[in-house]
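**Student:** So the protein lines, in turn, are chains F and B. Each residue of the first sequence is one higher than the one before, starting from 1 at the first, in the working numbering. Each residue of the second sequence is one higher than the one before, starting from 115 at the first, in the working numbering.
Don't read these hints as lab results, they were simulated from the structure. Note that the structure is predicted; figures quoted are calculated from it, not measured. Be aware that one or more of the hints could be misleading.
As the list claims (entries may be wrong) - Which chain F residues face chain B? A few, computed with CB under 10 angstroms, are given here:
no.	residue
1	14
2	27
3	29
4	36
Claimed, not checked - Which chain B residues stay away from chain F? Per the calculated CB distances, all over 10 angstroms, these:
no.	residue
5	126
6	132
7	157
8	158
9	180
10	183
Just so it is clear, CB atoms sit at the ideal spot from N, CA and C, and this is done for glycine as well.
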Amino acid sequence: AQSVTQPDIHITVSEGASLELRCNYSYGATPYLFWYVQSPGQGLQLLLKYFSGDTLVQGIKGFEAEFKRSQSSFNLRKPSVHWSDAAEYFCAVGALGGYNKLIFGAGTRLAVHP
Amino acid sequence: GAGVSQSPSNKVTEKGKDVELRCDPISGHTALYWYRQSLGQGLEFLIYFQGNSAPDKSGLPSDRFSAERTGGSVSTLTIQRTQQEDSAVYLCASSLGPAGETQYFGPGTRLLVL
């Protein structure tokens, strides 16, 4: 069965430091991949997505992610974290190669120290 | 324009009662999704509507759960004979349609079953 693994439940970084959130997926073919962010009391907001083409994807709020087929990974990065980035981040894969049914990872909660 | 709206924001009910949760998708979006976010299970897909096609109900956890979408717009998720394990945040999302790969999420309804 398809699955998404986010190995880090909690991550704490200092403001201005770089960030990398890990995501590994299981799927035989090229999947549709997504990163969503959920701020306290808010719904999920799409940061970026990968369907095909360039494996380095740029998103909103200065985030980027790189699809690595050989590692079945889609890690999220940001060169300099802002205090407002504190939130929960979810990686998701479209089920069965589509994008209408999303399978989410367990999420990574990011805390930012001043 | 307006985003996805859900009502109520919070619902407290007693075990055994029925509840209805409402979702208003973004105008013009033909696809509508329900997900459940709970502590034990993370974010789970429940059901997907696309236009007038038969919904994909593969994620509904039991026959106590049902959903309908009237007029291709508003959707209602109904949970009959609620159980404590139904306590969760129920998220609704919508997208442009089969080719609308980005799902836009509402703020959710937080359900507590006592």
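**Student:** Indicate, hint by hint, whether the structure satisfies it.
**Tutor:** Hint check:
1. Among the interface hints, the one on residue 14 (chain F) is violated; its C-beta lies about 28 angstroms from the nearest C-beta in chain B, farther than the 10 angstroms criterion.
2. With its C-beta approaching chain B no nearer than about 15 angstroms, residue 27 (chain F) sits outside the 10 angstroms limit, and its interface hint is violated.
3. With 10 angstroms as the threshold, the beta carbon of residue 29 (chain F) stays out of range of chain B, its nearest partner Cβ sitting at about 16 angstroms, so the hint is violated.
4. For residue 36 (chain F), the suggested interface contact is upheld, since its CB lies about 8 angstroms from the closest CB of chain B, less than 10 angstroms.
5. The claim that residue 126 (chain B) is not at the interface with chain F holds, since no C-beta of that chain comes within 10 angstroms of its own (minimum 17 angstroms).
6. For residue 132 (chain B), the shortest C-beta to C-beta distance to chain F comes to about 25 angstroms, beyond the 10 angstroms cut-off, and the non-interface label holds.
7. Not every CB of chain F lies more than 10 angstroms from the CB of residue 157 (chain B), the least distance being 4 angstroms, so the non-interface label is violated.
8. For residue 158 (chain B), the requirement that its beta carbon stay farther than 10 angstroms from each beta carbon of chain F is not met, with the minimum near 8 angstroms.
9. With a minimum CB-CB distance of about 18 angstroms to chain F, residue 180 (chain B) clears the 10 angstroms threshold, and the non-interface call stands.
10. With a least CB separation of 15 angstroms from chain F, residue 183 (chain B) remains clear of the 10 angstroms interface cut-off, as annotated.
Hint violations for this structure: numbers 1, 2, 3, 7, 8, all remaining hints satisfied.
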